[in-house]
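S.K.: Here my numbering is used: the first residue of the sequence shown is 603, the next is one more, and so on.
Please keep in mind that the hints were generated in silico from the structure rather than gathered at the bench. Careful, some of the hints might be misleading.
[To be verified] The calculated lysine to aspartate or glutamate pairs, modelled on EDC-like cross-linking and capped at a C-alpha distance of 20 Å, are:
{"no.": "1", "residue 1": "LYS751", "residue 2": "ASP715"}
{"no.": "2", "residue 1": "LYS872", "residue 2": "GLU831"}
{"no.": "3", "residue 1": "LYS865", "residue 2": "GLU852"}
{"no.": "4", "residue 1": "LYS853", "residue 2": "GLU811"}
{"no.": "5", "residue 1": "LYS692", "residue 2": "GLU914"}
{"no.": "6", "residue 1": "LYS928", "residue 2": "GLU917"}
{"no.": "7", "residue 1": "LYS784", "residue 2": "GLU740"}
{"no.": "8", "residue 1": "LYS670", "residue 2": "GLU700"}
{"no.": "9", "residue 1": "LYS832", "residue 2": "GLU797"}
{"no.": "10", "residue 1": "LYS824", "residue 2": "GLU797"}
{"no.": "11", "residue 1": "LYS920", "residue 2": "GLU852"}
{"no.": "12", "residue 1": "LYS861", "residue 2": "GLU817"}
{"no.": "13", "residue 1": "LYS744", "residue 2": "GLU700"}
{"no.": "14", "residue 1": "LYS920", "residue 2": "GLU931"}
{"no.": "15", "residue 1": "LYS744", "residue 2": "ASP711"}
{"no.": "16", "residue 1": "LYS853", "residue 2": "ASP921"}
{"no.": "17", "residue 1": "LYS703", "residue 2": "ASP736"}
{"no.": "18", "residue 1": "LYS912", "residue 2": "GLU926"}
{"no.": "19", "residue 1": "LYS853", "residue 2": "GLU914"}
{"no.": "20", "residue 1": "LYS865", "residue 2": "ASP828"}
{"no.": "21", "residue 1": "LYS904", "residue 2": "GLU914"}
{"no.": "22", "residue 1": "LYS784", "residue 2": "GLU750"}
{"no.": "23", "residue 1": "LYS904", "residue 2": "ASP921"}
{"no.": "24", "residue 1": "LYS747", "residue 2": "GLU797"}
{"no.": "25", "residue 1": "LYS872", "residue 2": "GLU852"}
{"no.": "26", "residue 1": "LYS774", "residue 2": "ASP815"}
{"no.": "27", "residue 1": "LYS904", "residue 2": "GLU860"}
{"no.": "28", "residue 1": "LYS898", "residue 2": "GLU914"}
{"no.": "29", "residue 1": "LYS824", "residue 2": "GLU852"}
{"no.": "30", "residue 1": "LYS747", "residue 2": "ASP736"}
{"no.": "31", "residue 1": "LYS774", "residue 2": "GLU797"}
[Claimed, not checked] Per label pair, the in silico range of CB-to-CB distance:
{"no.": "32", "residue 1": "LYS812", "residue 2": "SER655", "range": "35 to 41 Å"}
{"no.": "33", "residue 1": "LYS812", "residue 2": "GLU908", "range": "25 to 31 Å"}
{"no.": "34", "residue 1": "LYS898", "residue 2": "GLU657", "range": "23 to 29 Å"}
{"no.": "35", "residue 1": "GLU924", "residue 2": "ASN868", "range": "21 to 27 Å"}
{"no.": "36", "residue 1": "PRO874", "residue 2": "ASN635", "range": "48 to 54 Å"}
{"no.": "37", "residue 1": "SER930", "residue 2": "GLU750", "range": "53 to 59 Å"}
{"no.": "38", "residue 1": "LYS670", "residue 2": "GLY773", "range": "44 to 50 Å"}
{"no.": "39", "residue 1": "ALA707", "residue 2": "SER892", "range": "51 to 57 Å"}
{"no.": "40", "residue 1": "ARG813", "residue 2": "ASP715", "range": "35 to 41 Å"}
Positions of the beta carbon are idealized from the N, C-alpha and C atoms, including for glycine.
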Amino acid sequence: MRKFFAILLMYNMFFVTGSGGQNIDSLKTKPGNLTSSERGRILFDKGNAYLKSGELDSCVFYTRKAVKFLEYDSDLSNAYENLGMCFYYKNDFAEALENFKISAAYAEDAGNDSIIARRYSDLGVVYDYLGAYDKATENYLKAVKIFEKNKDYYGISKISNNLGVINETLGKYDMALSYYNKSLELKQKVGANPEESASTYVNIGSVSEKRGDTEGALSQYKKALDIYEKSGNVRYAALCLNNTANIYYEKNKLESAEKYVRKALNLSGKFPESGIRGKSYLILSNIFISRSDYDKALQYLKKASEIAEKRELTELKKDISESEIKISESAGD
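All chains, full assembly: derive it from the sequences and hints.
M.R.: Here you go:
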């Protein structure tokens, strides 16, 4: 679940383009004769508004209409990027990749360095998710080269975070920490939203935990938790609490583990079918397995399983299966 958290936040690097202040209801067709580009931009803005509201099918519908009218390379690049984002969020990664490639090609034709770098970032994100780490790294480094040329420290901070996750996944923890620390330093340098620093604190905590530095991990999770609680982001506050609870569970400090995981459950009540809540139920189940209270363990495991099945959370399903085996073996004894 910690890995899920890192990826989820990193994909906020996608850039939603267009006229940000407009809402769907305000997008009325202008009177008079419209040029093809004007018609395309109206359709793009409507699709963009749907993307921001999470109505992905409507975004795809209007953006596909828009590309039939848009004439300029930069406009077409933005439109295909939005299509790529829609398909990414719909878990259709082949379509996402195809649209991001088209977007990148138009960006190169437009000759705008900052847009080109962002499109490389988009491609890197999808390759990263698909486990094509060499291709992801290749695209991330292309983006970094442009960001460095333009002294875009915010862009570099995002890519550094992504490169950190790849290296963490590959077990290259020293390299991962180097990238995470660089990301954190640059985010603080440019005055980025504190929640972005919080995501990096969690990533550093994850690496620290994997290296056996549980105290260091707890410290990083606490920094992230403080930020999320202050900003009112209860979803990720709950995830930090889960991470903390899991460390205490692994250290066999069951009372502390239960205290933190119940705090997480209290917060995640607003998201009753989230993977974060499913992870909380799994941790609670494991706590009760350790206490040999198998009836309660099974109750919480069932709740975790219901969420995992409904949300098709493969990693959580695997962890649940391992806990089921523990119960079977322990109860059999």
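S.K.: All hints are to be evaluated individually against the structure, with a verdict given for each.
M.R.: Structure-based check of each hint:
1. LYS751 x ASP715: holds (9 Å)
2. LYS872 x GLU831: Since the Cα atoms of LYS872 and GLU831 sit roughly 15 Å apart, the hinted pair holds (cutoff 20 Å).
3. LYS865 x GLU852: holds (18 Å)
4. LYS853 x GLU811: Holds. LYS853 to GLU811 sits at ~12 Å (cutoff 20 Å).
5. LYS692 x GLU914: holds (13 Å)
6. LYS928 x GLU917: holds (17 Å)
7. LYS784 x GLU740: holds (19 Å)
8. LYS670 x GLU700: holds (17 Å)
9. LYS832 x GLU797: Holds. LYS832 to GLU797 sits at ~10 Å (cutoff 20 Å).
10. LYS824 x GLU797: holds (13 Å)
11. LYS920 x GLU852: holds (18 Å)
12. LYS861 x GLU817: Given pair LYS861, GLU817 holds - Cα atoms ~18 Å apart, limit 20 Å.
13. LYS744 x GLU700: With a Cα-Cα distance of about 18 Å, the restraint between LYS744 and GLU700 holds, given a limit of 20 Å.
14. LYS920 x GLU931: With a Cα-Cα distance of about 17 Å, the restraint between LYS920 and GLU931 holds, given a limit of 20 Å.
15. LYS744 x ASP711: Between LYS744 and ASP711 the Cα gap is close to 16 Å, so the pair holds against 20 Å.
16. LYS853 x ASP921: holds (18 Å)
17. LYS703 x ASP736: Holds, at roughly 17 Å.
18. LYS912 x GLU926: Status holds; Cα separation ~18 Å.
19. LYS853 x GLU914: violated (30 Å)
20. LYS865 x ASP828: holds (14 Å)
21. LYS904 x GLU914: holds (15 Å)
22. LYS784 x GLU750: holds (13 Å)
23. LYS904 x ASP921: Roughly 13 Å separates the two Cα atoms, so the pair holds.
24. LYS747 x GLU797: violated (26 Å)
25. LYS872 x GLU852: violated (27 Å)
26. LYS774 x ASP815: holds (16 Å)
27. LYS904 x GLU860: holds (18 Å)
28. LYS898 x GLU914: The given pair, whose Cα atoms are some 24 Å apart, is violated under the 20 Å limit.
29. LYS824 x GLU852: holds (17 Å)
30. LYS747 x ASP736: holds (17 Å)
31. LYS774 x GLU797: Roughly 25 Å between the alpha carbons, so the hint for LYS774 and GLU797 is violated.
32. LYS812 x SER655: 35 to 41 Å: holds (38 Å)
33. LYS812 x GLU908: 25 to 31 Å: holds (29 Å)
34. LYS898 x GLU657: 23 to 29 Å: At roughly 41 Å between Cβ atoms, GLU657 and LYS898 fall outside 23 to 29 Å, so the hint is violated.
35. GLU924 x ASN868: 21 to 27 Å: holds (26 Å)
36. PRO874 x ASN635: 48 to 54 Å: 51 Å Cβ-Cβ, so the 48 to 54 Å window holds.
37. SER930 x GLU750: 53 to 59 Å: Taking Cβ atoms as reference, SER930 and GLU750 lie about 55 Å apart, which means the hint holds.
38. LYS670 x GLY773: 44 to 50 Å: holds (47 Å)
39. ALA707 x SER892: 51 to 57 Å: holds (55 Å)
40. ARG813 x ASP715: 35 to 41 Å: Given a distance of about 38 Å, which is inside 35 to 41 Å, the answer is holds.
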